[in-house]
Amino acid sequence: MVKRSKISCVSVGLIRATIVTLICFLAYTLIATFCFGTIENMKVNSIFIMIFSCFSIFYGAVWAARTSGEKGWLMGLSVSILYIVIIYIISIVAGREAALVGRDFVRAIIAMVVGTLSGMIGINI
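Sequential numbering from 1 applies to the sequence shown in UniProt numbering.
Certain hints may be false.
[As the list claims (entries may be wrong)] Lysine to aspartate or glutamate pairs mimicking EDC-like chemistry, simulated, CA-CA at most 20 Å apart: (1) Lys43 <-> Glu97; (2) Lys43 <-> Asp104; (3) Lys6 <-> Glu70.
[As the list claims (entries may be wrong)] Ranges of calculated distance between the beta carbons of each label pair, as one might list FRET restraints: (4) Leu100 <-> Glu70: 29 to 39 Å; (5) Ile15 <-> Ala98: 21 to 31 Å; (6) Gly69 <-> Ile15: 18 to 28 Å; (7) Val113 <-> Ser11: 14 to 24 Å.
It is worth saying that the hints were derived from the structure and are not from the lab.
Even glycine gets a Cβ: it sits at the ideal position worked out from N, Cα and C.
All chains, please: the whole structure from these sequences, using the hints.
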């Protein structure tokens, strides 16, 4: 396999993770709206947001680590940190407060752990 530059691998992995997130959220919104008539249950939404984010980070980190050919944990960690930053910026633009609460730090730590482990898995596939 041809090794690519690390910036290229992380960038494409991040783009792939973002696309997977958009597809998952679109599918969830359509299913929840047409089947249940509403998506206002915040506990269920929070669980699905975390599941979709972890799955997206997993996919992007595995792809970035696999294409880079080395330092999978670092590729996965980079993808997860950039993913968190992008989601945070998008949520601020969408109208959320800029202040971080404890739940946000827990989500960030979970995302970084998932990204690091996914990078390790991706390099060994």
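Going down the list of hints, with the structure as the test:
1. Lys43 <-> Glu97: holds, 19 Å
2. Lys43 <-> Asp104: Distance ~15 Å between Lys43 and Asp104 Cα, so the pair holds.
3. Lys6 <-> Glu70: holds, 9 Å
4. Leu100 <-> Glu70: 29 to 39 Å: Since the Cβ atoms of Leu100 and Glu70 sit about 33 Å apart, the hinted range of 29 to 39 Å holds.
5. Ile15 <-> Ala98: 21 to 31 Å: holds, 25 Å
6. Gly69 <-> Ile15: 18 to 28 Å: For Gly69 and Ile15 the Cβ distance comes to about 19 Å; the hint holds.
7. Val113 <-> Ser11: 14 to 24 Å: holds, 22 Å
The structure fails none of the hints (numbered hints given earlier).
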